[in-house]
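Take the given structure of chain F and dock chain L to it, following the hints.
Heads up: the sequence lines are chains F and L, in that order. Read left to right, the first sequence gives residues 0 to 269 (numbering that gives the first Met the number 0). Read left to right, the second sequence gives residues 0 to 305 (numbering that gives the first Met the number 0).
By construction, these hints were calculated from the structure, which means they are not laboratory data. Among the hints, erroneous ones may be present.
What the hints assert, rightly or not - To be clear about the criterion: a stretch of chain L counts as covered by chain F if any three or more of its residues have a C-beta under 8 Å from a C-beta of chain F, and this derived list gives those stretches:
1) 92-100
2) 104-111
Unchecked claim - Cβ-Cβ distance ranges computed for the label pairs, FRET-style:
3) F:I104 to L:I53: 26 to 34 Å
4) L:K236 to F:P83: 54 to 62 Å
5) F:S25 to L:P130: 22 to 30 Å
Yeah, the Cβ is synthetic: ideal placement off N, Cα and C, and Gly gets one too.
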Amino acid sequence: MTIQELEATCKQVRRDIINMTADAGSGHPGGSLSVTEILVALYFSKMHIDPKNPKDPGRDRLVLSKGHATPGLYGVLGRRGYFPVEEFHHFRQLHSPLQGHPDMIKCPGVDASTGSLGQGASIATGMALGARHNGNPCHVYAVLGDGECQEGLIWEASMAAAHYRLDNLTFVLDNNGLQIDGSNEQVMSLGDIHAKFAAFGFNVIEVKDGNDIRQVLDALNQPAQAGKPTCIICHTVKGKGVSYMENQFSWHGKAPNEEQRAQALKELEA
Amino acid sequence: MSEKKATRVAYGEALVELGQTNEKIVVLDADLASATMTKYFKDAYPDRHFECGIAEADLIDLGVGMSTMGLTPFCSTFAVFAGRCFEQIRNSVCYPHNNVKLAFTHAGLTVGEDGGSHQSIEDVALMRVLPGMTVIVPCDANETRKAVLAAVEIDGPVYLRLARLPTAVFDDMPFIVGKGHVMREGKDAVIFTCGTMVEVSLDAAKLLAEQGMDVTVVNMHTLKPLDEELVLEYVQKCNKVFTVEEHSIIGGLGDAVASVLVGKGAFTFRKIGVEDRFGQSGKPMDVLREYGLCADQVAAKILAAK
Numbered sequence: 000m001t002i003q004e005l006e007a008t009c010k011q012v013r014r015d016i017i018n019m020t021a022d023a024g025s026g027h028p029g030g031s032l033s034v035t036e037i038l039v040a041l042y043f044s045k046m047h048i049d050p051k052n053p054k055d056p057g058r059d060r061l062v063l064s065k066g067h068a069t070p071g072l073y074g075v076l077g078r079r080g081y082f083p084v085e086e087f088h089h090f091r092q093l094h095s096p097l098q099g100h101p102d103m104i105k106c107p108g109v110d111a112s113t114g115s116l117g118q119g120a121s122i123a124t125g126m127a128l129g130a131r132h133n134g135n136p137c138h139v140y141a142v143l144g145d146g147e148c149q150e151g152l153i154w155e156a157s158m159a160a161a162h163y164r165l166d167n168l169t170f171v172l173d174n175n176g177l178q179i180d181g182s183n184e185q186v187m188s189l190g191d192i193h194a195k196f197a198a199f200g201f202n203v204i205e206v207k208d209g210n211d212i213r214q215v216l217d218a219l220n221q222p223a224q225a226g227k228p229t230c231i232i233c234h235t236v237k238g239k240g241v242s243y244m245e246n247q248f249s250w251h252g253k254a255p256n257e258e259q260r261a262q263a264l265k266e267l268e269a
Numbered sequence: 000m001s002e003k004k005a006t007r008v009a010y011g012e013a014l015v016e017l018g019q020t021n022e023k024i025v026v027l028d029a030d031l032a033s034a035t036m037t038k039y040f041k042d043a044y045p046d047r048h049f050e051c052g053i054a055e056a057d058l059i060d061l062g063v064g065m066s067t068m069g070l071t072p073f074c075s076t077f078a079v080f081a082g083r084c085f086e087q088i089r090n091s092v093c094y095p096h097n098n099v100k101l102a103f104t105h106a107g108l109t110v111g112e113d114g115g116s117h118q119s120i121e122d123v124a125l126m127r128v129l130p131g132m133t134v135i136v137p138c139d140a141n142e143t144r145k146a147v148l149a150a151v152e153i154d155g156p157v158y159l160r161l162a163r164l165p166t167a168v169f170d171d172m173p174f175i176v177g178k179g180h181v182m183r184e185g186k187d188a189v190i191f192t193c194g195t196m197v198e199v200s201l202d203a204a205k206l207l208a209e210q211g212m213d214v215t216v217v218n219m220h221t222l223k224p225l226d227e228e229l230v231l232e233y234v235q236k237c238n239k240v241f242t243v244e245e246h247s248i249i250g251g252l253g254d255a256v257a258s259v260l261v262g263k264g265a266f267t268f269r270k271i272g273v274e275d276r277f278g279q280s281g282k283p284m285d286v287l288r289e290y291g292l293c294a295d296q297v298a299a300k301i302l303a304a305k
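Bound-form chain F, shown alone:
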């Protein structure tokens, strides 16, 4: 895919995010809109995957550790062909494969059930450890939220990732700076998150604009440092692409109404 096509896909996924949350009347648009380029870059460019064979043992894995960003994940999985996009209409509905948080049993393409913050990073670390043990050359990605890094388990997993020298593991941090109750700074300051991951033994890469797919791809395409896990810190905008949602923590877990949907879709026109 060309950059233009990837950008168009991001826009499509953003429209999907708005429609899914508006249809469901609930969900998490803010952090889905911030993580869109990260997920599109991974699923449409970087990862070795086959949507027709979602259980292929040799596939790359992605664990959405910030599991609430399902509208973004489902948008990407649906557009990539893991399931018909008609399923978007059943997001958060009874018996739907598109559960509120990712469900590895119900939804094709979901590599781990997540939603309880912190756990995805640890599961991904276990996957990378298991892959290496099995001689499986796949790469494992975990997509983390910044507020999520307040969980102790992130750092337990980080210690293990460095201890076991897992260079087949990449954490991608969606650093939009906001969480449910306010900014990271207000709720629980993360301090120097770059220095923290570096101190834990990661090869840390910063992406100045994590909503610029070129920059995200450049970072993902950097070769791994032997014996070190990688952490890519993407500076993103919560609610990216929808003017009234951008940088508003109140849009963490709230659905747009019909009027807001119409305005958002207009702003996200192709």
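Showing chain L alone in chain F's frame:
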């Protein structure tokens, strides 16, 4: 009956046996390999043993990740930490029904001197409540070996509750997950028990026999799924029902049996176990006596029940 042996030791030995033929077995520990006895496996297959450091939440989720790669992880720590990593067990092991085995040792009061902070009286309650979890409390070394081998045959989460204290090793018994085993037949009362309390209950039954009371003792090694059929069968035969467990009487074997009995008729029923209080330091047998779980105390409670 042969020399006493702790179920944790039998667990470590069974893992080594399993590792010989099953390449998929991996063992994870949180800096307690020398206490949970996975050190035997660590020595035998160092490349299949993974230290997770003193980080129980990570212990569980690393195991989950490895299970998704087709491996069969056994995660071990002390039973008292079941609460610390409960939510990892809930959301990452049980909710997606991942094939992770949890073998937690040092359960119950018989941990002894380490005291109440380390004597788990609630782990069975926590594990029982999780959908899809199989809960097994082996009574001796032989049964532990069989439980470990059986756990691998189950595609999904299994919790094995193991003890620190060396206890009696019984003659070989049949072991089928979900099927209780009648160790002694008697018509006057039935005791459903598990783990370390099987030996205590058999001793209590002998004391009761001297008093003219003929007691059935059922080794209910699998608490979930519970052998409801066997419970109902013996309730009808005996009419006096007791549960004996080294666990809180809230949420353990007693409550599991009680939930089968509700609405099934009028009979005497008593739960014998830790009565809603924490443990404390002391020699294991002294602690058991303080909490009323020695054979003579159990016999006395059964005799006193109307």
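Do the hints match the structure? See the list:
1. 92-100: It holds, with 3 qualifying residues against the three required.
2. 104-111: violated (count 0)
3. F:I104 to L:I53: 26 to 34 Å: Holds - the Cβ-Cβ distance for I104 of chain F and I53 of chain L, about 32 Å, lies within 26 to 34 Å.
4. L:K236 to F:P83: 54 to 62 Å: 58 Å, holds
5. F:S25 to L:P130: 22 to 30 Å: 24 Å, holds
When held up to the earlier numbered hints, the structure conflicts with hint 2 and nothing else.
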